[in-house]
Amino acid sequence: MGQFQMDVKFDRDFVIFYTNGYINDLGGEKIERKCEDILREGYRKVIVNFSESPIINSIGISILIGLIDRVKRAKGSVCFTNLTLNNTEVFEFMGLTQYAPVFPNIEEAVRFTMGHA
Amino acid sequence: MADGGLFIQHALRMAPDDLFFDREPEIRTIRDVCLDLPAVPAQSCALIGPRRAGTSEIAKRIYKDLFLNQETILPFWYGFDRIFQDPVHFARDYFSQLVRQYLAFQEKDPSLLLPKVIRFEAIERMVTKCSDAGLHRLCDDFEDALRDGDRTELIAFTLQAPEVLAQDTTGTACVILDHFHRVFRMSWPDAASLTDLYPSAMSSPVVPHILTGQAEVLQRHYLSMESTAGRVRRLSVAGLDSKRALDAFMGCCERYEVAVDQDAVAHELHRFQGIPFYMLCVIRKARQEGISLTRWGAIRDVYFAEVAQGEIAFYYDSLLNRCCPGPFAKRDAIRILSHPLLRVGSRLPLEDVAKRLSLDLDATRALVDALVSTGLLVENYGMMAPVENPVFNDFLRVAHRYWIGRTGSDEIRKDLFRETQDVPVLTELNHDDGPGPGRKEKQRVSFGLVLPMVSETELVAARAAEQVAERVDFSDEDIGRIRMALIEACINCFEHSGSEDGKIYITFTLDTEKLSIVVEDKGISFDPKKVPVPERGEGKGTPSRRGWGLELIRNLMDQVVFEDVPVGTRLRMVKYYPKDTGLKAQAG
Chain A
646 MGQFQMDVKF DRDFVIFYTN GYINDLGGEK IERKCEDILR EGYRKVIVNF
696 SESPIINSIG ISILIGLIDR VKRAKGSVCF TNLTLNNTEV FEFMGLTQYA
746 PVFPNIEEAV RFTMGHA
Chain B
6 MADGGLFIQH ALRMAPDDLF FDREPEIRTI RDVCLDLPAV PAQSCALIGP
56 RRAGTSEIAK RIYKDLFLNQ ETILPFWYGF DRIFQDPVHF ARDYFSQLVR
106 QYLAFQEKDP SLLLPKVIRF EAIERMVTKC SDAGLHRLCD DFEDALRDGD
156 RTELIAFTLQ APEVLAQDTT GTACVILDHF HRVFRMSWPD AASLTDLYPS
206 AMSSPVVPHI LTGQAEVLQR HYLSMESTAG RVRRLSVAGL DSKRALDAFM
256 GCCERYEVAV DQDAVAHELH RFQGIPFYML CVIRKARQEG ISLTRWGAIR
306 DVYFAEVAQG EIAFYYDSLL NRCCPGPFAK RDAIRILSHP LLRVGSRLPL
356 EDVAKRLSLD LDATRALVDA LVSTGLLVEN YGMMAPVENP VFNDFLRVAH
406 RYWIGRTGSD EIRKDLFRET QDVPVLTELN HDDGPGPGRK EKQRVSFGLV
456 LPMVSETELV AARAAEQVAE RVDFSDEDIG RIRMALIEAC INCFEHSGSE
506 DGKIYITFTL DTEKLSIVVE DKGISFDPKK VPVPERGEGK GTPSRRGWGL
556 ELIRNLMDQV VFEDVPVGTR LRMVKYYPKD TGLKAQAG
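Chains as they are written, first to last, in my numbering: chain A, 646 to 762; chain B, 6 to 593.
Worth flagging that the hints you see were computed from the coordinates, not collected in a lab. It is possible that some hints are incorrect.
Below, computed lysine-lysine pairings styled on DSS-like, alpha-carbon distance capped at 25 Å [stated by the list, open to error]:
(1) A/Lys654 x B/Lys360
(2) A/Lys654 x A/Lys717
(3) A/Lys679 x A/Lys720
(4) B/Lys335 x B/Lys360
(5) A/Lys654 x B/Lys335
(6) A/Lys679 x A/Lys654
Kindly produce the complete structure, drawing on both the sequences and the hints.
Following this line, the structure appears as structure tokens:
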């Protein structure tokens, strides 16, 4: 699966993270650090696109929970897109989807984020 | 006739004899199927093999053998090297090659095969000098067909010409059509296409046709036509088996004066899939860089250098360029081909891939069509699947990191080397078929895997689980669940076992109704009942951050049991097969 990498795209008042590779503690921490950076820059809306990360382990997910917490405290919003069916199932089981909605594709996530005051 | 072979080699641009690898079994099969003439009616065949497997070279060897070593089958070789815009030009070229090769065969003078390109008028002069009545008659008929102006008739006549010539002379002929997939690039507004006209020529009882070309294109566009059904037999030409591949590699190293160790080669041989082209690329690179191939690490390093920057990279890059109208399309093509779900062997609908990668559907469809036509992707019933080509997959990993991840190629080479360094081999522990009639009920097979407790080795376990689960008809979703449960089980061992030997022992067992996975370590035992259940949130704030591993495993698998062992922890996880399925493949 290779080393975790991430692209960040800034669009209007929101940010899209494109993750690439296995999300474990290392990958999760990279996402968390980047999230801290963009919150400092004043962004409050985050979309995470997992299309190129089919495997996310429980430690990676625990870091995503922290990320949701952090953005919520900053009065922001997080949503996820392009999760595999398995990961969607796991996110639902762990109760993440109550706090960060999951969308099948980036367009729907953007529509949701744009409508989110 | 010692020099005769050389003339043929030059005319057909054949590989030198010392670089042609042992293909005797394949050649024997082709001869048995197609060339037992006139004892049995002719059977045309298409040589179907992976990219660069050497089907053209095999066909050329057959031609050379027919030319030099017998007199009753007229050999005719035609390579679709050029794309003709005008059917008349194609007809003249095809016909003149036939006449020239016929004269060379009759006079046992292979020097007539050179130069490779010859003007039609020169052929006419050669015919004038010859006293063969059958040949004169055929040429007169060809001239009439040219004058007649009906181009479909002209092409039909031209394709039947080997049979007509054979009937008047040797009795039988063998037509070898190299790079046959290129006929699909020739369509003429004023004549029927070659694909419409060839099936009739190929049904001749005295003239078998042997086709080579891109397997995917032949299978998809030609062999699946109603008119070719039953007329053209598919003959599979795989890569060299391991013994011949090893001999070939060692022989090439000797030819290129590269120091080599047989054990080191045997260790890395699987990378080349028995395809001589890949082996040659690595050996040439080693010679060029002055590298000895006496350690398997050196062979692997040169291989990855080739995949990243060498001839192998150039070859696959040129195929991608052919499919992609521009740099953006190429980037999209790499993203599609590298899609993680395709990489783990899943089949995906095209729409799904376009959606997941946020690509335009029409552009994706056009790109996928081009990739399928070039044989870089498989598509059937609107579902995409990866091609089974590990070398291409290695190239894709590099291309994806280089173009999408923007990582330097040297760094990528090092990554690839490191990633593959400690991949353990899944070893078969036992395989019980059971005796006689009760065999199916008793079928059971186990595999063992020992992993070091180092970062990300859980992915190796996950890959092994996929391989094992694919032996049974688990759905992609179930395979995903098994993979995730195993990853979590491994992480638990890393985090909690404190094991001194630093190893995880995994056993996969498939029986008639279920897959069992046992994950064991030699560390500290623990009582699973004392593990707290994490909070799922449920409106009381975000969920617990840690402690999810065991809970997820229980949710993902059908049965989860901690078994008593004297030392360490043993976790047994079970997933039952979907109904009406069972162990579908034998071990091995």
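Checked hints:
Pair hint A/Lys654 plus B/Lys360 holds up; C-alpha atoms about 18 Å apart against a cutoff of 25 Å. Between A/Lys654 and A/Lys717, the direct Cα distance comes to roughly 20 Å. Compliance with the 25 Å bound is thereby established for this hinted pair. Simply put, A/Lys679 and A/Lys720 have alpha-carbon atoms about 17 Å apart, close enough for the 25 Å limit, and the pair holds. For the hint linking B/Lys335 to B/Lys360, the alpha-carbon distance of about 18 Å falls within 25 Å, and the restraint holds.
As the CA atoms of A/Lys654 and B/Lys335 are separated by approximately 21 Å, the hinted pair is consistent with the 25 Å bound. Only pairs whose Cα atoms come within 25 Å are accepted, and A/Lys679 paired with A/Lys654 is accepted, the gap being roughly 12 Å.
In the structure shown, no violation is registered for any of the earlier numbered hints.
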